[in-house]
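Q: If you want the building blocks of each chain, they are given just below.
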Amino acid sequence: MPFGLLKYGLGKDYPFEREPDLPATPTLKQHYDVVIIGGGGHGVATAYYLAKYHGITNVAILEKAYLGGGNTARNTAVIRSNYLTPQGVRFYSESVKLFERLSNEFDFNIMYSQRGQLTLAHTDATVRAFRQRAEVNTHFGGRTELIDPHHIAELVPTLNLNPANMPVLAGLWHKDGATARHDAVAWGYAKGATQRGVELHQLTEVIDIIKEGDRAVGVKTNRGTVHCRSIVQAVAGYSAVLAGIAGFKLPLVSYPLQAMVTQPVKPFLDPLVSSSALHCYVQQTSRGELVFGGGSDPYPLYNTRSTLELKESLIAHAVEMFPFMSEMQLLRQWAGITDMTSDYSPIMGLSPLRHYYLDAGWGTWGFKATPICGQTMAELVANDGKVPDLIAPFALDRFDHFKQVNEMGATAASH
Amino acid sequence: MKILHCPLNGPRNISEFVYGGQVKPMPNPESATDTEWAAYVFYENNSIGVVREWWLHAPSSYWFIVERHNGSDTILRTYDPSELLSNPGMVSLEDAIQ
Chain A
3 MPFGLLKYGL GKDYPFEREP DLPATPTLKQ HYDVVIIGGG GHGVATAYYL
53 AKYHGITNVA ILEKAYLGGG NTARNTAVIR SNYLTPQGVR FYSESVKLFE
103 RLSNEFDFNI MYSQRGQLTL AHTDATVRAF RQRAEVNTHF GGRTELIDPH
153 HIAELVPTLN LNPANMPVLA GLWHKDGATA RHDAVAWGYA KGATQRGVEL
203 HQLTEVIDII KEGDRAVGVK TNRGTVHCRS IVQAVAGYSA VLAGIAGFKL
253 PLVSYPLQAM VTQPVKPFLD PLVSSSALHC YVQQTSRGEL VFGGGSDPYP
303 LYNTRSTLEL KESLIAHAVE MFPFMSEMQL LRQWAGITDM TSDYSPIMGL
353 SPLRHYYLDA GWGTWGFKAT PICGQTMAEL VANDGKVPDL IAPFALDRFD
403 HFKQVNEMGA TAASH
Chain B
-6 MKILHCPLNG PRNISEFVYG GQVKPMPNPE SATDTEWAAY VFYENNSIGV
44 VREWWLHAPS SYWFIVERHN GSDTILRTYD PSELLSNPGM VSLEDAIQ
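From first to last, the protein sequence lines stand for chains A and B. So for the first sequence, this note's numbering puts the first residue at 3; every next one is plus one. So for the second sequence, this note's numbering puts the first residue at -6; every next one is plus one.
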């Protein structure tokens, strides 16, 4: 052992200056180029790409609680691109590609792990829909194929192939499917953004949007008033509430989505597994815990309470898929508020207010889009509202022209 | 289990009921423009406060009205839709009860 190390081991002082990954909340200035409302994954990713690719660093992220404490912390960390529509597949594929190199880019481990995602079909209709999804995905360069029950049994030997007397007929095997530590994604983006000069203001709540005519020019917060050139709203479940403050309506309904996690066990489950008929998705985290979630609550609500009904039904479905789970202890259970659109696609781009940009409608599928969302929203803001082609199909005015992008068939659970 | 008081069947488990959307005034389908119709179909007043909603008691196929606080999940009042339909002014009150 080098004796130099022993010297440090016995010394009282740590030999290097320790830079914290994130600076403390600075004083709020009166003017910024860009204000981003919402310090979750999408908001900090937007700030990061604004600073990195567009040289815009006079940016404030306003977060009413703490960094990544909303749906960024509450999702089940599934990354995949096996959607149904060409618009959706193109968009989410870009996100998967960005996720693959994030740890290197940040120099911060997001624990990205590409283990593949398997969706089970229990009816002929689902098998037909899976065939279409596999074709659309392959066409756009993704790795998705239809596999038979023998292949499924090889991939996941612990899976019950006849859950709830609904035999598994086939599986949609998505090799690009992955998981990552969701908190670390927000932390990595925040670290990269603040290092480039972006200010992260935690415990800073937006109370009002200041307008001049049809143009947004600033925000009032609990820490003072800020003027800016552009505003981005990325507030997930509370999108409609904030839009209401800004003076317009969004075609969103907010539902709670509940999920839970068990005690950690030895690694046994490599792919992420979901069942289309049981409305349940299960994955084992890098720490060994089983995370599982299902469909949204049956009626709209702005409340993250837990219900016994959902615990009962979700656990029943998870135990049908993996019967030995009945022996396991539940560790935690939680809910997040999801802002659902009627076509299950997001709302990105322009709003009725000039210089006020929307990143909303992320319902239950927001985490997997974090990188590409940040990149396209940054491009939109930097180009003064010129909408990037990739997000043009997700414009708010698609609802007024009946041009929805129907992703309903492509979700892992009922939603 | 959460209990919802059905005006026809009395207090029942909430799992017997199906949410049917907010009460909102329907524009005349014959004369409404595409934008008006889209606004009616897709846009809801998704703010936090007291909301007036359609609910269905599924086993008896009975539709009724629920007034509920969507922040605290408190059910304030349930009643037969005849009360609403006999008083057309109430339907357009959607924004006023916030």
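In case anyone wonders, no lab produced these hints; they're calculated from the structure. The C-beta atom is built at its ideal place from N, Cα and C for all residues, glycine as well. Take the hints with a grain of salt, since some may be wrong.
[Claimed, not checked] From the structure, some residues in chain B lie toward chain A, with a derived Cβ separation under 10 Å: (1) I(-4); (2) C(-1); (3) L1; (4) I7; (5) S8; (6) Q15; (7) V16; (8) P18; (9) P22; (10) A25; (11) S53; (12) E60; (13) R61; (14) N63; (15) L69; (16) D73.
Q: Determine for every hint whether it applies to the structure shown.
A: Status of each hint after checking the structure:
no.	hint	result
1	I(-4)	violated (12 Å)
2	C(-1)	violated (15 Å)
3	L1	violated (19 Å)
4	I7	holds (8 Å)
5	S8	holds (6 Å)
6	Q15	holds (9 Å)
7	V16	violated (13 Å)
8	P18	violated (15 Å)
9	P22	violated (15 Å)
10	A25	violated (13 Å)
11	S53	violated (18 Å)
12	E60	violated (13 Å)
13	R61	holds (8 Å)
14	N63	holds (5 Å)
15	L69	violated (14 Å)
16	D73	violated (20 Å)
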